[in-house]
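Peer 1: Below are the chains, spelled out letter by letter.
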Amino acid sequence: MGFWLDLTASGLITGGIYAVVAVGLNLQYGLMRIMNIAHGEFLMVGAYLTWWAHTALGVNPLAFLPVVMVLLFLAGVVVYRVCFLKITRSAPSVEVVEARSLLIGFGLMYLVQNVAYLVWGADLRGYSFLTDPVEIGETRFTANRLVVFAFALGASLALLAVLRFTLIGKAVRAMMQSPVGAQLVGINTATLHPVVFGAGLALAGVAGALLSMVYEISPSMGEPYTVTALIVITLGGLGSAAGCLAGGLLLGLVEAFGMHFTNPSLKMLLSYGVFIAVLLARPKGLFSK
Amino acid sequence: MSAPGLRSILAATGVSAVVLAAMPWLLPDFWLSLALTCLMYAALAVSWAMFCGATNYLSLATSAFFGIGAYVTAWGLTTLSYPVAVILGGLVAAAFAVLVGAAVLHLRGAYFAVLTFGLGELVRHAVTYFEKSYFRTVGRVIADAPSSTTVYLTVLLIAAAAVCVCAMVRASRLGLALAGIGADEERAQTLGVNTRRAKILGFALSAFFAGAIGAAIAVRWTYIDPTAVFNPFIGFQTVLIAMVGGAHTLIGPLVSSVVFSLLTEFLRLQFPYAFLILLGTLLILLVLYLPGGLASLLQRRWARG
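Protein chains in written order, with numbering that gives the first Met the number 0: chain H, 0 to 288; chain S, 0 to 304.
No lab work stands behind these hints, which were simulated from the structure alone.
Even glycine gets a Cβ: it sits at the ideal position worked out from N, Cα and C.
Possibly wrong hints are sitting among the right ones.
Computed list of chain H residues with no C-beta within reach of chain S, every gap over 12 Å [to be verified]: (1) LEU11; (2) HIS53; (3) PHE72; (4) GLY153; (5) LEU162; (6) LYS169; (7) ASN187; (8) PRO193; (9) VAL194; (10) GLY272; (11) LEU285.
Interface residues of chain S toward chain H, partial, derived using beta-carbon atoms under 7 Å [to be verified]: (12) LEU57; (13) GLY108; (14) ALA112; (15) VAL113; (16) GLY117; (17) LEU121; (18) HIS124; (19) VAL126; (20) LEU275; (21) ILE276; (22) LEU278; (23) GLY279; (24) ILE283; (25) VAL286; (26) LEU287.
Let the hints inform the model, and build the full structure from the sequences given.
Peer 2: What follows is the structure, given as structure tokens:
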């Protein structure tokens, strides 16, 4: 019994992080058709900022979380203005927006990753934070993993609440349903798009900050998370935040159980297997009607 | 567009190939290896553009095909001769492309790009796992590799063949079908094009050249492991070269593959991070301000003058 609980718990903890990473990307893609393949790079930036604040300034990583959010939100607004505004305005069709934003994303990936290499070097970095074990039932967890899970879940649920209950959330949902219709009833794309893009990066930053509390970080850590985020989006369905949360947790569980019963080096194979199977069988997501 | 005729393209390719074939006896080793890199990226970019430029599919599977070719050489060179290994490498990559293409070519846009990117990673992990559990190795040493002149001439031959085939495809029904798919797939379908078959055929053809190049160039490394030959950088670089040059043209990818190989060779070793930062910035600027590639500059000038 303890063994099943253990696997489930570690799957859910990884899955919670996956959900936070994916939900930001999903919002950006669902709303603007911008496929920001450099999403994982901004997660990495969040992780490094937290690491730096903790080791150089002695700030508590959890207290630093809001700062990371604000910084990456601002970065997102700037990146949107500089890189993506022009293509969303000038591209003749949605498909072209997608293709060009993908290429710009690759450019950003090179740019951000290598700036990180220059600034922080290629070594693995880490710090220990809340590593005392906590016992729940018969299983032991380190406290930081529980904190990470709680915050990841909290961030996802908070986003869901914002989307459901606030005016801006309503505007975002309307925009996803029908861009033209939303503009007709007075929703302003010029403010909504940068805000949503910034929110996406802020969530990536939060995920990175949380990851840095548990794992060692490196400038190339982001890319696998981008791919995982895409898998989660496929599972949960485009533009669906709730689907993302469910998909993220599900993928975490699949990985945890799959790795246990087969082989740890098959982790990527498993994720891609799930990805391809879902794309072929249910291209609109597992939870679509 | 005043494109030169098919016959003159083939003639020009033949003449350049003959001239370039003399290089192993004229150039010192360093420059020869540089020329080899140029030819490798020329073949990869031209064959990529043949399918992806026409259809507007963004495939990142080049590194998967390249790596498959390289591993065919690594596994087969002890029993097969070098030319057979090269052709087999191309054929295995093409067969893989047919399989994959049949499954995923109905997807478009970002999904296709990400899936093909994942494909490279998938094959890399699969090969690593296979090697580890059956042969207990990580990489392989390639014994008795052919001389660098042989390798150069082989790669030259593949590159020339890629250019010729690309030119011929453009002029053929298949090329028109691919261009039609790029413009509007549903319309092409309505007009009687078997889009599924055309896409799989085009995808496999471009994979053949990537696989053959991988198989041919693998012997130059003497030691290969999955991380090196399935390097996603090969796929990105190919896309970048083709897009910078102008993926809708034949000459664009050729010119930019020379420029990029020189840049890479000189800058990447000395300033690895700064080089990639430059590359990233260049890509962003290009997409924003010159989405048609360098070739669109030329065309604009032709149209004006």
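Peer 1: Flag every earlier hint the structure violates by its number, smallest first.
Peer 2: 10, 19
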